[in-house]
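**Student:** Here is how the chains run, residue by residue.
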Amino acid sequence: MGLFDIFKAKSKKVTIMPSRTTFTVNAGQTILEAGLAEGYAMPHSCKVGTCGECKSHKIEGKIKELINFGYVLEAEELQNDYILPCRSTLKSDVVLDMPNFELKRLHPPQDFMGTIKKTIDLTEDIKRVVISLDKDMEFDAGQYVELQIDEIREPRSYSFAIPPVKNGSNEIELFIRKVPNGKFTTLLFDGLLENKELKVKGPLGNFWLRDGDTPLICIGGGSGLAPLISILEDTIAQSIKRDCILFFGARTQNDLYVLEQIKKIEEKWQGSFLFVPVLSDEPENNSWTGDRGFVHTAIKKYAEKYIDLNPHVYLCGPPVMIDAATEVATDLGISKDNIYADNFFDSSNKKVAK
Amino acid sequence: MLDYLKFYLAPLVQVFAGVGIYMGGDYMWAGLVTLPVLAILDTALSDNFKKNDMHIRLLADIPLVITALLGIGLLFLFAWKINTTPDLTTLQMVGGVLSLGWVGTVCSLPSTHELFHEINPIRKAIGIVGQLAFFDVSRHISHNNGHHLDVASSLDYDTAKRGENIYKFAIQTGWQNHKESFKLEGNALKKRGKSVWSLSNYMYKALLILVVFYAGIYYVGGETGILYVLLAQGVARLWIEGLNYFQHCGLVRVNHSPIQHYHVWNHLKPISRIITFEITNHCDHHQDAFMPYYEMTPDKDSVRLPGALTCFAVALVPPIWFNFVLKPALKEWDNRFANDEEKKLARAANKAAGWEDWIEKK
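Sequence lines, in order, name chains A and B. Sequential numbering from 1 applies to the first sequence in our numbering. Sequential numbering from 355 applies to the second sequence in our numbering.
Isolated chain A (complex conformation):
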């Protein structure tokens, strides 16, 4: 090394396989930090080299271990050059095989100030909420934002219920369900948040439409319809042609909403489109002639015909619905790799941080 080499820029490159995605890692930055800063959906959790979520196979190059990987990785993994990108800086350009890395490059989340401009009742306990922002937000269909008010520290997460527009928009729409005794939604449903300033962070989340031409099986429960509407309307806007079944799980006919909007999606959809509302608490012997029961019980009946075509499944709703629908889908032979879920939790039942 020459005397002045230490003054040269020390940034190096990492290439993620199999997508061949390359980004720069600056001196003093870990691979994970650099990837997240570039907006890539890097798999990770703890960031201190403990959980193993970011574990990757190093194909070539040299890294510096910031902690002893032996604390976490197994002997076989160490022998086969597995590393923890959250605790690795680069000594040379590096090529990594990161199986859970997705090529998708997301818009990095930013902080916005927003105001609730309008709320529209969709059902007894679900509102369409229109929020104006202090600047344009770009997002991908299926993602979500976090809303926070001064009185409550923990932000609340809600998915976009509209498709994205080019170069972003300073107005977003969400579907928000009233959570019994929920602090945030009680204020909202009592009308106390009208015109109130909110902190808005987004876009967030890894729920978006993956490439492909295979059929789509979309299953939404309650306000979980929001990201699916966003994805389906965006699919139409992008002239993507795929067959689709949209399942909508609700309690009674009164809990079904945006039916007109779904009808328009059906009309504009390129490919076949089937809308299947499934009601779990609709009184017997009344006018309802559609499917009854929990939404996952209807999957087999309608979606079985697509199984051989390797369909992609998109799920959004309460954890119990996601778990049940995932079980049905995998029992039908759908690979877990093709099942994408957007779990939502209210603050009384937090199991998974989004």
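The hints are simulated quantities; they were obtained by calculation from the structure and are not laboratory data. Treat the hints with care, as some may be off.
No more than 20 Å apart at the CA atoms, straight line, and that leaves these computed lysine to any residue pairs for SDA-like [said to hold, decoys possible]:
| hint | chain 1 | residue 1 | chain 2 | residue 2 |
| --- | --- | --- | --- | --- |
| 1 | B | K654 | A | E65 |
| 2 | A | K201 | A | S132 |
| 3 | B | K404 | A | E76 |
| 4 | B | K405 | A | D150 |
| 5 | B | K545 | A | L78 |
| 6 | A | K58 | B | R546 |
| 7 | B | K478 | A | Q29 |
| 8 | B | K404 | A | K241 |
| 9 | B | K544 | A | A75 |
| 10 | A | K62 | B | I473 |
| 11 | A | K64 | B | R546 |
| 12 | B | K545 | A | E65 |
| 13 | A | K199 | B | D653 |
| 14 | A | K64 | B | I473 |
| 15 | B | K545 | A | G52 |
| 16 | B | K405 | B | N474 |
| 17 | B | K404 | A | Q148 |
| 18 | B | K654 | A | E154 |
| 19 | B | K405 | A | E154 |
| 20 | B | K654 | A | E151 |
| 21 | A | K64 | B | D653 |
| 22 | A | K305 | A | P277 |
| 23 | A | K178 | A | E151 |
| 24 | A | K10 | B | N474 |
| 25 | A | K64 | B | L543 |
| 26 | B | K654 | A | I149 |
| 27 | A | K10 | B | R477 |
| 28 | B | K548 | A | E76 |
| 29 | A | K91 | B | R477 |
| 30 | B | K405 | A | I152 |
| 31 | B | K544 | A | Q79 |
| 32 | A | K135 | A | E197 |
Computed list of chain A residues with no C-beta within reach of chain B, every gap over 10 Å [said to hold, decoys possible]:
| hint | residue |
| --- | --- |
| 33 | R20 |
| 34 | K47 |
| 35 | G290 |
Just so you have them, the derived chain A footprint on chain B, three or more residues with Cβ under 8 Å [as the list claims (entries may be wrong)]:
| hint | stretch |
| --- | --- |
| 36 | 357-370 |
| 37 | 463-475 |
| 38 | 499-510 |
Every residue, glycine too, gets a C-beta built ideally from N, C-alpha and C.
We have chain A; now place chain B onto it with these hints.
**Tutor:** Relative to the frame of chain A, chain B by itself:
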């Protein structure tokens, strides 16, 4: 700019203690006197929810580095003073031990913790070596690989069980953390096909740090210097476990479930936040370990304990601590934040501690 400057409170307290040691006599108590003074002041002030207006990490790290290094420097000063001042009374030397035990706790622990989480190798090394102030150069291993994943769950050595007093906890967790670090290091070597006794074992480095340090202490302070420095480190060690104690005491979390902001206690009095480099406001740190201390957001919606400085004193008297501080806080925490599974754990923990079942029925 004021936000950058306020974090020089910790090195200022260390300098104050250092001047006391240098002057000798009854001034040896100077460092300890800062405890009641700051605690009373802190109690009189309101909780502070303001986020720091700081953005330059290099500038924000300067007081951390100074504090970590001063923590070691004070021990050398103490050894020198004892060696060169034969007329110090036992009580004055006790004052010195307690003063350095106190500043080693309140200043050195938070600064070294922040530094050993850093990526920069020099700052990280200063963070590791700076832990000498409380007789520990391997805590970063068990801290990262245990506490960060397990906080508030039954697997965490740093979370005291309900009903466990500070004395039992301090001795137990200190020993368990050492044992865990040794075990993790040994297993890591085995996985790489090396013997536990291989020279790659970090514990040799730890031993080397200790040998060099005590050789230096012997050089300036002789055998008596080593003895009193060990006492000061020992007091600091027990007291830092105290900080651990009231940061997490009695909280519950289902093992391996996601960590939420409410899984640590918050002490948001202004002096507590400043002198501990925001470690009393560290719920964000468990959710995002990349986040530097000055970016953490105070949790307005939390159940708060009194200021950390008050807790340092009150926790030493278990009946007062349990009845007037911890139980009311846990009662609120259980009913406001715990999810259904955590409520079950809390109920069992209360029963095991012989405490009443205060969880409200739905």
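**Student:** Would the pair K654/B and E151/A pass a check requiring their Cα atoms to be no farther apart than 20 Å?
**Tutor:** Holds, at roughly 8 Å.
**Student:** With 10 Å as the threshold, tell me whether K47/A passes as away from chain B on beta-carbon distances.
**Tutor:** violated, 4 Å
**Student:** Taking the minimum C-beta separation from G290/A to chain B, is that value above 10 Å?
**Tutor:** At roughly 33 Å from the nearest Cβ of chain B, G290/A sits farther out than 10 Å, so the non-interface label holds.
**Student:** For K58/A and R546/B, compute the direct alpha-carbon distance and say whether it is at most 20 Å.
**Tutor:** holds, 16 Å
**Student:** Given the hint that K404/B pairs with E76/A, does the C-alpha gap stay at or below 20 Å?
**Tutor:** violated, 48 Å
**Student:** Are the Cα positions of K405/B and E154/A separated by 20 Å at most?
**Tutor:** holds, 15 Å
**Student:** Does the stretch 357-370 of chain B contain three or more residues whose Cβ lies closer than 8 Å to a Cβ of chain A?
**Tutor:** Violated: only 0 residues of the stretch 357-370 of chain B have a Cβ under 8 Å from chain A.
**Student:** Take a quick look at whether K201/A and S132/A sit within 20 Å of each other, Cα to Cα.
**Tutor:** holds, 13 Å
**Student:** When you check the alpha-carbon spacing of K178/A and E151/A, does it fall within 20 Å?
**Tutor:** Status holds; Cα separation ~18 Å.
**Student:** CA of K548/B to CA of E76/A, is that 20 Å or under?
**Tutor:** With a Cα-Cα distance of about 14 Å, the restraint between K548/B and E76/A holds, given a limit of 20 Å.
**Student:** Regarding the pair K91/A and R477/B, is the alpha-carbon distance no greater than 20 Å?
**Tutor:** holds, 19 Å
**Student:** Do the alpha carbons of K654/B and E154/A lie within 20 Å of each other, as the hint requires?
**Tutor:** With a Cα-Cα distance of about 9 Å, the restraint between K654/B and E154/A holds, given a limit of 20 Å.
Hint check: violations occur at hints 1, 3, 8, 16, 21, 34 and 36; the rest are consistent with the structure.
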